[in-house]
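Chemist: Protein chains in written order, with full-length UniProt numbering: chain U, 46 to 249; chain F, 46 to 249; chain X, 46 to 249; chain A, 46 to 249; chain H, 46 to 249; chain P, 46 to 249; chain B, 46 to 249; chain Z, 46 to 249.
Think of the hints as simulated: they come from the structure by calculation, not from any bench. One should not assume that every hint holds.
Listed below are several chain U residues computed to face chain H (Cβ distance under 7 Å; list not exhaustive) [claimed, not checked]: (1) I160; (2) H161; (3) L164; (4) A165; (5) A169; (6) L193; (7) C196; (8) I199; (9) A226; (10) T229; (11) V231; (12) V241; (13) A242; (14) M245.
Note that the coordinates shown come from a computational prediction; the quantities given were computed from them, not determined experimentally. Backbone N, C-alpha and C define an ideal beta-carbon position, used for all residues, glycine too.
If you want the building blocks of each chain, they are given just below.
Number of protein chains: 8
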Amino acid sequence: LRQGFPEVIFGESKSVGQIERIMAALAARGNNILVTRIDEAKALAVREAFPQARHHAEARCLTLEQKPVEPRGRGTVLVVSAGTSDLPVASEALVTLRMLGNAAEHLYDVGVAGIHRLLARREALFAARVVIVVAGMEGALPSVVGGLVNCPVIAVPTSVGYGASFGGIAALLGMLNSCAAGVTVVNIDNGFGAAVAASMINRE
Amino acid sequence: LRQGFPEVIFGESKSVGQIERIMAALAARGNNILVTRIDEAKALAVREAFPQARHHAEARCLTLEQKPVEPRGRGTVLVVSAGTSDLPVASEALVTLRMLGNAAEHLYDVGVAGIHRLLARREALFAARVVIVVAGMEGALPSVVGGLVNCPVIAVPTSVGYGASFGGIAALLGMLNSCAAGVTVVNIDNGFGAAVAASMINRE
Amino acid sequence: LRQGFPEVIFGESKSVGQIERIMAALAARGNNILVTRIDEAKALAVREAFPQARHHAEARCLTLEQKPVEPRGRGTVLVVSAGTSDLPVASEALVTLRMLGNAAEHLYDVGVAGIHRLLARREALFAARVVIVVAGMEGALPSVVGGLVNCPVIAVPTSVGYGASFGGIAALLGMLNSCAAGVTVVNIDNGFGAAVAASMINRE
Amino acid sequence: LRQGFPEVIFGESKSVGQIERIMAALAARGNNILVTRIDEAKALAVREAFPQARHHAEARCLTLEQKPVEPRGRGTVLVVSAGTSDLPVASEALVTLRMLGNAAEHLYDVGVAGIHRLLARREALFAARVVIVVAGMEGALPSVVGGLVNCPVIAVPTSVGYGASFGGIAALLGMLNSCAAGVTVVNIDNGFGAAVAASMINRE
Amino acid sequence: LRQGFPEVIFGESKSVGQIERIMAALAARGNNILVTRIDEAKALAVREAFPQARHHAEARCLTLEQKPVEPRGRGTVLVVSAGTSDLPVASEALVTLRMLGNAAEHLYDVGVAGIHRLLARREALFAARVVIVVAGMEGALPSVVGGLVNCPVIAVPTSVGYGASFGGIAALLGMLNSCAAGVTVVNIDNGFGAAVAASMINRE
Amino acid sequence: LRQGFPEVIFGESKSVGQIERIMAALAARGNNILVTRIDEAKALAVREAFPQARHHAEARCLTLEQKPVEPRGRGTVLVVSAGTSDLPVASEALVTLRMLGNAAEHLYDVGVAGIHRLLARREALFAARVVIVVAGMEGALPSVVGGLVNCPVIAVPTSVGYGASFGGIAALLGMLNSCAAGVTVVNIDNGFGAAVAASMINRE
Amino acid sequence: LRQGFPEVIFGESKSVGQIERIMAALAARGNNILVTRIDEAKALAVREAFPQARHHAEARCLTLEQKPVEPRGRGTVLVVSAGTSDLPVASEALVTLRMLGNAAEHLYDVGVAGIHRLLARREALFAARVVIVVAGMEGALPSVVGGLVNCPVIAVPTSVGYGASFGGIAALLGMLNSCAAGVTVVNIDNGFGAAVAASMINRE
Amino acid sequence: LRQGFPEVIFGESKSVGQIERIMAALAARGNNILVTRIDEAKALAVREAFPQARHHAEARCLTLEQKPVEPRGRGTVLVVSAGTSDLPVASEALVTLRMLGNAAEHLYDVGVAGIHRLLARREALFAARVVIVVAGMEGALPSVVGGLVNCPVIAVPTSVGYGASFGGIAALLGMLNSCAAGVTVVNIDNGFGAAVAASMINRE
Ligand SMILES: Nc1ncnc2c1ncn2[C@@H]1O[C@H](COP(=O)(O)O)[C@@H](O)[C@H]1O
Ligand SMILES: Nc1ncnc2c1ncn2[C@@H]1O[C@H](COP(=O)(O)O)[C@@H](O)[C@H]1O
Ligand SMILES: Nc1ncnc2c1ncn2[C@@H]1O[C@H](COP(=O)(O)O)[C@@H](O)[C@H]1O
Ligand SMILES: Nc1ncnc2c1ncn2[C@@H]1O[C@H](COP(=O)(O)O)[C@@H](O)[C@H]1O
Ligand SMILES: [Mg+2]
Ligand SMILES: [Mg+2]
Ligand SMILES: [Mg+2]
Ligand SMILES: [Mg+2]
Ligand SMILES: [Mg+2]
Ligand SMILES: [Mg+2]
Ligand SMILES: [Mg+2]
Ligand SMILES: [Mg+2]
C-alpha cells in the first residue's frame, strides 16, 4: 500500500517468526502496523515480542500504533452486518477502517428477514458517506441497503452457511447480481479489501 | 396429476400436431385442459382446432375450460414478483392456480431495492394463505417476504439477468440459503410447479 | 420466528458460553427453547447449566420445555428417509416438528432401490397432511413419494455420499428436477427448515 | 469398432458430401452401415444417393443393410424410458442394438412419479439379460429399475429438462450416485454407447 | 434511481412499443432519459418516435436530453479498456457517466501484455478521481492499474474470449482475487453499474 | 443385494458397535459378509469380536466367510490399474469380485504414459470376459484398454491427483467422454459398484 | 507479437470493414499478415479487396504473404490430431506454424482408442522437435504421445463432443492432469496459441 | 522419465518405508534421485537411512546426487514468482530444474500490483531461454511477463488465496486466457511439471 497507509501484513500463511521479523523491520521505520488474518495463538505469541501491540480477537487482527492515526476521511463509513457469524469479517473491516484514519461505525444484527430492524436504523444509513455491507447466506442485504441510500455500497460476501451456500458463492453471486445501483463487490470474507476501497472513497 | 386437477400438457418439446392429438383425447373425456410452455405461434395454430381454448400470451399457456373450475382452496394464493422480466413466470403460476380452483392475486413491481413499495402492500401479504415469490437476479425477495409473513412461501427463481446470474443459478442459490424460515424452492422458471404445490397447501 | 413458535438457537458457530447466555435470557421469559446443530460435547456442557433440558443426540438438538407444547396442526406430518446416514437430518426435522406442536411420524429405511418396502407403507403415506422426504445420493425418493401422495412434499437433500455426490449437490439437483408435481425443496441437510415449512402448511 | 459390428459413422459434424463418400467406401466392402446423429435434412439428402438406406427419424439414424443382421445375443436387451422427450435417445439405442444383432424391446412412459405403470411391467423387466434405462430430469429411474432386476443396468442421462437440469447434469449425477448395485453410466444422450456396451454384455 | 439521476430504462427484454411507452411517460415529466442494452434495430425504431434522441451505437444506448446535464462530480472518471472487443462495455460506462454529470475520459488499447502502452499514459491515470477498468480474457488489467493509482478502481469483467474464458467467469474471478488494494468488482459486462458506482464516489 | 450375493455392509459412517451388531445378525443366518470402507482401527476392533474375519488392509474391507464362496462366473474379470495411489480402489474391486464368486485378476502399474507396459500384457487383456479399469488423473486408461479389447469395460475414476483433478472429476469426465465403444462408468472411487456390475455381466 | 513474426489479426469479433482497414494499414508497411478465426463469408469478402490473399477454409484463416516466409526453426513441429472434428484447430496451428517460418507436419486420425495407428507412426513422432497434440472428448492423446517422445508436448483441448464434454472442459482437465512429463496446455480450441509457443521453442 | 533424467519419486501418498525401498533400488543402479512432495517429517525420517541425501525444506523435495549433475541446457531458465506463498512451488521448480542439469535463477516478490519491481529486473527476463511464472490469486503475472519477453513462458497457477480463488482455479483460468502469445500452462501447484517441460525446451 503505497498510499500513506499503515503497513499491512497478511498473517495467514506466515509463522510467528516471520511476522515478528517483518514487524521489527517496519516498526524501526516508525510506521503504524496492521496484521490481518492472525489467529489467537499466533497473536498471543507475537504480543510477547511487541507488548504494546493490540490484539483484536474477533477481527483476527493485531495493530501497532506508534504514532496517532491521523483522521483523513470526509465522512463516516458505516459497516452493516446481519448474523453473528458475519462479525469477524465486519470487525476486520472496522479495525482496518480505523487504522486508515476513518470515522467508522457498526450496525449489526440487521438481516433481510427482519426488515424493520434495518428500517429502524435509517438515520445511521443516511448519514454515511460509504456503506460496507457484510452478509453470508443469500447475500441479499446489500440490495436492500443500496435501495435505501444514495452513497456507494461495498458488498462483502461471507463464507457463512452450509449446503448450497458453497462457502460464500451463493452470497457472492447474489451481490454481483444486485438490482440496486451503486453496489460493488469484493472477494468472499475480504473485510480488509472493502475497508481499503471505502477509505479511498472517503478521502478528502 | 392424479388429484382431480385438470389435465396438464407440457408443450415445450411437442409439435402442434402432437398437442392437438393429446388435447382431443383428453377433451373427449370432458376434462379441463392446461397447456404450459406453448409459444405464440403454436398457440395460434392449436386455437384453430380448438377455437374455444383461451391463449394466455404472457404466461405462454393455453386453457380449455369445458366445465366451470370448481373453487377449492381455503384462502388466497398471492403471487409476488419484482421486475417486468419475471412476469411470464408469475403469469404461468397465476393461470395454473386459477385452473386448479384457487383464488389467486398478483402483487408486482415490488423488488428488494425499493423496499417501501413492498411494505406499502403489507395487507395483501398478511391476507394470503400461501405466497409464491418469483424473482431473478439476486433472488432476495423471498427472504424479505418470508420475514414479513407467517404463512408458507414458495420461491421461484427466474432465469432473468446476465453475466453472473448464470441463467438463474444466482437466484436459485440465494433462495435455497434464505435466512427466513418457511421458504421452500422449486426449479428455475417453474411457475407451474410452484402453483401446484401452493394449491395442495391451500386445499381445504 | 415471530409466529408463536418456540425460540430457536442455531448452535453451530456458537460457543457453550454464548448458547448458555442466550438460553438464560429466553428461559427467563418462560419460552420453550430449541437449539439445533449442537454437537455432543457442547450439549453435555450446556445441560450442566440447564439439567432439565433434553438432549436429542441423533438430531444434534437440545430442547427445553418450560410449558407443554400446544398441539396445533390439522394432521400428521410424515418424515420419510432412506439410508441410515440420513437419520440425523430426519431426526432434526422430527424434533423441530414436535416442538412446533405437530403430530409427526417417521418412516425410515425405505430407499428407491427397494421400492416394495416403501409401497408396503402406503397407508402411512396416504394418511399424512404433509410429507418431508429426506434423501442423499441420487435424491430420487421425493419423486416416487410425490407420485404416490396428493399432499405437499418437502424434499431435503442430504450431504450423504461420496465422489460425484458432491456433498449433496447431486441430491439437490435431482429434487429440483423432480417430475412429480407438488414437490418443493430446501437447502442441503436443512431438516429444521423443512419442519418449519411443513408446520406452517399443517397449521389449522 | 473392431468387433464384427457394422461400420458406424458419427454424422453430427459431417456434411452430406462427407457422409456419402464414407458410406460409398464402406458399402463397397459389403458392410452394413449405421449413421448416427444425422438430422432430417441430411438424412433425406443422403438417401437420394443410397435409396435402399432406411431413415429412422426419431432415432436420428440412417441404416444400410447389405446383408441380413446376424442374431448374436444370449437374451433380450430391454430399453426403458420415461417421458416423451427421452424417446430420441431411446430410439438411437434400439436402432443400434438391432443393427448389432440383439433382440431388443422398448418399455416407455414409465417414469418414477407413476411407479405403478413400471411395476405393472415387471415381467418384461425380469425377462431381460441387460436393461438400458434412459431418463432426464432427476434421473431416478435406473435406481428403481436396478432395485427390481438382477441383471446389469446401463443408465443413459438425457439433456431433457430446464433450469437446474443443466442440460443433463442433474440426471447424470443422480445416476452416478445410484444406490442400486449393478448400475453403470454413459455420457449424456449417448444411446449409441449404451447399446454397444449392452451388446457386448449380451454376447454369447 | 432515486438520486436526481436521469431516468434509466433497461432495454434488453423490452419491445420497441414498451420502450416508447415508458419514454413517453418519463419525457412528459421533463426528465432526461437513458436507455441501455438497446440493439441497433430497436434504437432506430425508437428514434422515429423520438427524433431528438441520440443513438450511441457502440454503447448500445439511447439518450434523450431534455435539459442540459448538470455537472456534479469532483474530478474525472477515467475508463480504461484493453482489447477492441471490450469497447461496447467501456462505451456503455462512458455514456452513463456523462448522463450522470461526470467529466469522463477513455484510455483504450492498453492491455497487460503491452505494459508500456499503459505506463506511457501514467498522467491520465494519476489525474483521475476514480478509474473504471474494463477487461475480458484473464482480467488482469485492474491489478496493474490498481497498483499504479491511489484512487478507487472499479473492475468490469467482460464476456469477451472463448474456451476457458467461460463467458467472463475467468475475468470475474481474476478481478475478485486482485492483489491490488482498492479494487471492487461489478457483474460481467455491467458498464452501466460501474458508472453509477463511480458517479456516487465522484459526487461532491 | 437380493441376488444370492453375500451380505454387504457399507462401513463408512458406521461405528464399531453398529458394524458388530449388523454382522452378528447376518452371521446368525449363516451368510457370508463383506464390509467395505472400514478403516484400519475399526477393522482391528471388529476382528476382536469376529476373529475368523479377514482384514484386507489395502482394500479397506473385512470379509467373513462362513461357507465357501461358490464360483459362478463364465470367465475372468480383469482389474487394470495405473498408479500406486489407485491400488486401494482396485483392491476393493478385487475383494468384492472374489466374494461374489468370480475368477479375478489384477494388472497394475500400466498407465497411459508408458503404453508399452500395457501392450506387453495384451494376452491378459484379451482373455478377460469383463475388464474393470481403475484410474485417476486424466482418466485415459479405459479409452486405450477399450480400444484393445472386445469385451465390456467398466471405468472407475479415482480421487487421486491434485489441483485440476478436482477430487476425481477430471478422471470421471474423461471416462464419460471415452471415444472407445463399450465403456461404462461408475462413481468416483466406487470399486465395489464396478465389481458388482462386472459380476452380473460375468454371470452364467 | 513483438517478435519479428507476421502481423496477426484476431478476426472473430471484427467486421469485414474493420479487417480490411487493419490489413490495409499493415500491408502498407510490407508485412506478412495472418488473420485467424475468420469465417467463410468474411474471408470471401476480404479477398475481394485483397485478391492475392490466400484463404485456408478448414483453418478459418486468411494469409497475405508479401515477402517469402523466412525459415527459422531448428527442427520440425509435428501436429497430431485424432478425430475429424479436431481438424479445424489442427489446421489453424499448421497455418500459423508455417507463417512463423517453421517446418510443420500433420499426423491425423490417430486417436487413443486405436493405439496401433499411432504406434505405426513412431518415426514421425521421434523426429519432431516439438509436438502439438490436438484432441477433444477425453483429451487422452497428449498423455500417450508424451509417454512416447522426449521433446516438449503442447496440448490443445478442443470443444468437440457433447454432453459431459462441456464444450472442451473434459479434454482441458484431462490434459492438465496428464501423467506424462513435459506436457503443457493452452486454451480450448487455441491452435494459434499452441503454434506460437511451439515456434518460440523451435527457434534457433 | 525415460529421458536420461534422474529418477523421480512422487512422495505424496507414499510412506517412509515405501520411499526408502524405492530409493534403495534406484540408488543401487547408481542413479541420481529426486523425491518431490515429501513433507518435513518424512524427509527427516528418510534422511536417517540416506544421510547423504539433501533436504530442500521450502521445496518439499529430497535429492540424492550420486554423481555430478551434467549441465545440458542451452541457456538459463528463469523462475519468476510473486507472493511469499508462491515460494514452495517456485522452489520445487528450481530444485527440479537443477537436478535436470539446467542453469536456473529465481526472480521473486515481483507481483503485478507493483509493476515497477518487475520492470526493474528486465535484464534478467530478457536473458532467459525459458521463463517459468508461478502465481496465485488472479494469475496475471504470466501475461505481463509474456508481453515483455520473446521466449516461451510456462505458467504455474498456485492454490494460494481464499474465497473466490477456489484453490487455484481463478489463477488457472486467468493463465489459460492469457492474451500474451507463447504462454502455456500446467496443473495447479505443478512446479515439477513446469520444470520438466522447461528443461526439454532448454535442451541443446
Ligand atoms: N411448465 C411446466 N414445468 C414443469 N413441469 C410441467 C410443466 N407443465 C406441465 N408439467 C408436468 O408435465 C406433465 C405432462 O408432461 P407431458 O406428458 O410430457 O405433457 C404434467 O403432468 C406436469 O406434471
Ligand atoms: N445495463 C444495465 N445493467 C444493469 N442494470 C441496468 C442496466 N440498465 C439499467 N439498469 C437498471 O435497470 C433499472 C430499470 O429497469 P427497468 O425498469 O426494467 O427498465 C434502472 O433503474 C437501472 O438500475
Ligand atoms: N463401497 C461401497 N460403495 C458404494 N456402495 C456400497 C459400498 N459398500 C456397500 N455399498 C452398498 O451399500 C449397501 C449397504 O448399505 P448399509 O445398509 O448402509 O450398510 C449394500 O447393499 C451395497 O449396495
Ligand atoms: N485464434 C486466436 N486465438 C487467440 N489469440 C489470437 C488468435 N488470433 C490472434 N490472436 C491474438 O490476437 C492479437 C490480435 O488481436 P486484435 O488486435 O484484436 O486483432 C494477436 O496479436 C494475437 O496475439
Ligand atoms: Mg442506492
Ligand atoms: Mg415467515
Ligand atoms: Mg403427488
Ligand atoms: Mg439390481
Ligand atoms: Mg492502488
Ligand atoms: Mg473395445
Ligand atoms: Mg515425454
Ligand atoms: Mg512474449
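Chemist: Which of the listed hints are broken here?
Modeler: Of the numbered hints, 1, 2, 3, 4, 5 and 6 do not hold.
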